[in-house]
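Trainee: Given chain A, put chain B in place with the hints provided.
Number of protein chains: 2
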Amino acid sequence: MTDLIAQLRDIVGEAGVLTGADVAAHSDTWPPRGDCQAHALIRPASTAEVAEVMKCCHAARQPVVTHGGLTGLVRGSVTRPGDIVLSLQRMRRIENIDRDNRTMTVQAGVALQTVHEAAEEAELLFPLDLGARGSCTIGGNISTNAGGNSVIRYGMMREQVLGLEVVLADGTIVSSMNSVLKNNTGYDLKQWFIGAEGTLGIVTRAVLRLRPLPRSRNTALVAATDFDRVAGLLRTMDTALGGSLSAFEVLWNDFYRLIIGDGENHGVPLATDYPFYVLLEATGSHEDIDRQRFERALEEAFEGELIADAIVAQSEQQREDLWAIRDDIDHLVERLAPTITFDVSLDIPQMDAYVHEVRDTLTARIPGSRCVFFGHIGDGNIHPVLTVGKKEGAAVSEAKGIVYDALRKRGGVVSAEHGIGLEKRPYLGHSRSAVEIELMKTLKRTLDPHNLLNPGKIFSLQEAEQ
Amino acid sequence: MTDLIAQLRDIVGEAGVLTGADVAAHSDTWPPRGDCQAHALIRPASTAEVAEVMKCCHAARQPVVTHGGLTGLVRGSVTRPGDIVLSLQRMRRIENIDRDNRTMTVQAGVALQTVHEAAEEAELLFPLDLGARGSCTIGGNISTNAGGNSVIRYGMMREQVLGLEVVLADGTIVSSMNSVLKNNTGYDLKQWFIGAEGTLGIVTRAVLRLRPLPRSRNTALVAATDFDRVAGLLRTMDTALGGSLSAFEVLWNDFYRLIIGDGENHGVPLATDYPFYVLLEATGSHEDIDRQRFERALEEAFEGELIADAIVAQSEQQREDLWAIRDDIDHLVERLAPTITFDVSLDIPQMDAYVHEVRDTLTARIPGSRCVFFGHIGDGNIHPVLTVGKKEGAAVSEAKGIVYDALRKRGGVVSAEHGIGLEKRPYLGHSRSAVEIELMKTLKRTLDPHNLLNPGKIFSLQEAEQ
Chain A
1397 MTDLIAQLRD IVGEAGVLTG ADVAAHSDTW PPRGDCQAHA LIRPASTAEV AEVMKCCHAA
1457 RQPVVTHGGL TGLVRGSVTR PGDIVLSLQR MRRIENIDRD NRTMTVQAGV ALQTVHEAAE
1517 EAELLFPLDL GARGSCTIGG NISTNAGGNS VIRYGMMREQ VLGLEVVLAD GTIVSSMNSV
1577 LKNNTGYDLK QWFIGAEGTL GIVTRAVLRL RPLPRSRNTA LVAATDFDRV AGLLRTMDTA
1637 LGGSLSAFEV LWNDFYRLII GDGENHGVPL ATDYPFYVLL EATGSHEDID RQRFERALEE
1697 AFEGELIADA IVAQSEQQRE DLWAIRDDID HLVERLAPTI TFDVSLDIPQ MDAYVHEVRD
1757 TLTARIPGSR CVFFGHIGDG NIHPVLTVGK KEGAAVSEAK GIVYDALRKR GGVVSAEHGI
1817 GLEKRPYLGH SRSAVEIELM KTLKRTLDPH NLLNPGKIFS LQEAEQ
Chain B
1397 MTDLIAQLRD IVGEAGVLTG ADVAAHSDTW PPRGDCQAHA LIRPASTAEV AEVMKCCHAA
1457 RQPVVTHGGL TGLVRGSVTR PGDIVLSLQR MRRIENIDRD NRTMTVQAGV ALQTVHEAAE
1517 EAELLFPLDL GARGSCTIGG NISTNAGGNS VIRYGMMREQ VLGLEVVLAD GTIVSSMNSV
1577 LKNNTGYDLK QWFIGAEGTL GIVTRAVLRL RPLPRSRNTA LVAATDFDRV AGLLRTMDTA
1637 LGGSLSAFEV LWNDFYRLII GDGENHGVPL ATDYPFYVLL EATGSHEDID RQRFERALEE
1697 AFEGELIADA IVAQSEQQRE DLWAIRDDID HLVERLAPTI TFDVSLDIPQ MDAYVHEVRD
1757 TLTARIPGSR CVFFGHIGDG NIHPVLTVGK KEGAAVSEAK GIVYDALRKR GGVVSAEHGI
1817 GLEKRPYLGH SRSAVEIELM KTLKRTLDPH NLLNPGKIFS LQEAEQ
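Chains as they are written, first to last, in this note's numbering: chain A, 1397 to 1862; chain B, 1397 to 1862.
Just chain A, with the same shape it has in the complex (with noise of 0.2 Å):
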């Protein structure tokens, strides 16, 4: 190990290496716990550094697991004594923005706000968006084809992608960095990566795809009697404000009725009698005009008994003090603490029942528990978030097998938008068949024979990491 360090500062420099203390004192998840096992943590400076770093691990059997922002949330980042962090902390560069092709080139490790405000300086809009912008990366967003506030309108990361650059297990540096719309040539390689959690390669640099900024934005609050309304609603308002819609996000009565409480925080916008609640926003092209199709939509939804009560936003203090309702996550946390939340997915028909299926079962099984459900219901995406008045335990595996039974017998899906990493493994049979598990270990034995990328994560090769 003596030797690999060695020869690994010959290629990344002094700076670039760090163990010992130094690594114990770093973190490799979130919120950090300054607990990495790992024996090392290297930063190389650019892709032909990775690509040297990974032909001496290679040749060392030395595992390297990548880190970016660690705020992934499933344990995907994690390490074992005798791993190697390869950190793309010193690889932030923003290289290149076209303002006619509306592309961005950048290294991996620069993070998602400072995309942001790049694109928005050219007058252009990188559009994935989620709570750790400031500190999660691209390369991290790929790797884990994050998700967030805007997928309705503009798709996950993968949809953001043009082009990418991977460095291999073996040190290969594999550039496929496209950056045309269309690009029908051959395999679209890519796409084994976005995704992988760093199991199948390095992302070293991307091209990124940015879109026009909008100029308008339209947001409110309204309530609903039961589901299939809000599924009405969806399909309304969709189609009324033309594919301008771009969030749909539902809170289920025992969320809101939480977060508004006595209306100290947050007042009370909406009564807090209803069963559901969707905050509904447009972004456009026209403070007026949309203003106006806007209207027309809600009234829309009125006419057709969609919608029993609207509040809408009148100034951008108005919209944000709605969003901050969504968003307030962290006094749901605490007035629930210690809890468990979860990211999974299902057909839309499906979740009305879904949702009383997993409460009903809670109440019946686990005495004192307790579960609120919110979510991008407009992306078919649900986060459970339940107590048992425990941190871990039996009750606590038994709850997560009340979420994912539920789910798996509905023919949903685990992991919506944060990735499988540890943390989700036992459940990954529960969407996806043998025969799709057997396949991403064809490809990660392909792609990785010895096992060396982000071991252990989304699923197991060798018994010792079961």
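Wrong hints could be hidden among the right ones.
A pair holds if it fits inside one copy or across any two, identical chains being indistinguishable in the list.
[To be verified] Using 20 Å as the maximum straight-line C-alpha spacing, the simulated SDA-like pairs for lysine to any residue come out as follows:
| hint | residue 1 | residue 2 |
| --- | --- | --- |
| 1 | 1837 | 1819 |
| 2 | 1787 | 1800 |
| 3 | 1451 | 1566 |
| 4 | 1796 | 1807 |
| 5 | 1451 | 1832 |
What the hints contain is simulated information worked out from the structure, not anything from laboratory work.
Mentor: Frame of chain A; chain B shown alone:
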């Protein structure tokens, strides 16, 4: 071979197997030529039958070419003597439409137009659209990652596919019939097969994503005096139309003049002396509101001196008349016959210089040659159409060399939306590196070690296929 045919007859029934003259009467390309070289044509009626067929073919090391609608235009479905054709023509059932989930589940042999009609009946849109809609199949659209008329707004076929079922070379059924927008449970296997031109697996079923059905449409033909203004217009219109821009088709002067001619066929909607014409279309949700937005966007373009003249369609008839100019490829091909058409992509800032270089080099090196240009410029996609007065021979090869070499220099793409097939195989290396092509071959060898599925298409694994 006779034994194998008997086995396959047992699987798919008497009506499912064609041999001898019945196969020769078939075509394996478009326009139909009735010169299919294959030994037999097998028509399974279900995924299970496809799997059984492939098990037998795998055991017999029998090469198989999958046939959809045969409209791919790159000789991706041509057969050799001794091949077997597997046709999806008996698998054209729409299994399910879910209005709330906005998904459609189909067998791969269903025609694109049938999907359009079924979606519309459910008041939804399947947005992929292209000229061959009546004959091309969903399986073919998936296997070629088809593009077409609305990529700027909705993306390629890849973006329309949520779930996929494929049969591997050894008959394994991989069923990934996901029906939600967000699914990060391990590798996204379907991405491997989309655009793989039938070389990695046989697509048998799919879950398609549907969109809101537009309620309004606005169309204009505008003229611009230089390419910088065309690029500026794209940026301006896409921003000012708030994401509703659904077509941005550019006709170079030579294309427009050739189609307009003496005005007999299409009238003369705009004078014929502008360097560029752009056919713009936006789809939306409200007749009045969208018309207002469209006119204001055009005003903004006029004020920015991006456009020199414009005609806005005032009726559905006028809209069709404008599109007829863009779509009159028959007339173009007739006037220039014999023609060679291309399907290339490159960065928008490179396009003007590219077109000039191709035109100048052709004129200088091939006397009597002629080339006109048009394309989906909003997607970075140009279709050069050229003639050298002959169907094949040295001048044709030289012309292809000129078109592709000028592209290679600029990092362009030899196939934007049609794929590689056999037609573009010699030029794959213009757009993809040796490392990329080797990685493609690695996946091919892993999934299809005996090279049975559409062998020799995209790239060659064996000297014999060169």
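Trainee: Taking the hints in turn, state whether each one holds.
Mentor: Hints versus structure:
1. 1837 / 1819: within (18 Å within a copy, 34 Å between copies)
2. 1787 / 1800: within (18 Å within a copy, 62 Å between copies)
3. 1451 / 1566: Within. Shortest intra-copy distance 5 Å satisfies the 20 Å Cα cut-off; inter-copy 34 Å does not.
4. 1796 / 1807: within (16 Å within a copy, 50 Å between copies)
5. 1451 / 1832: Close across copies (18 Å), not inside one copy (30 Å); limit 20 Å.
In this structure, none of the earlier numbered hints is contradicted; all agree with it.
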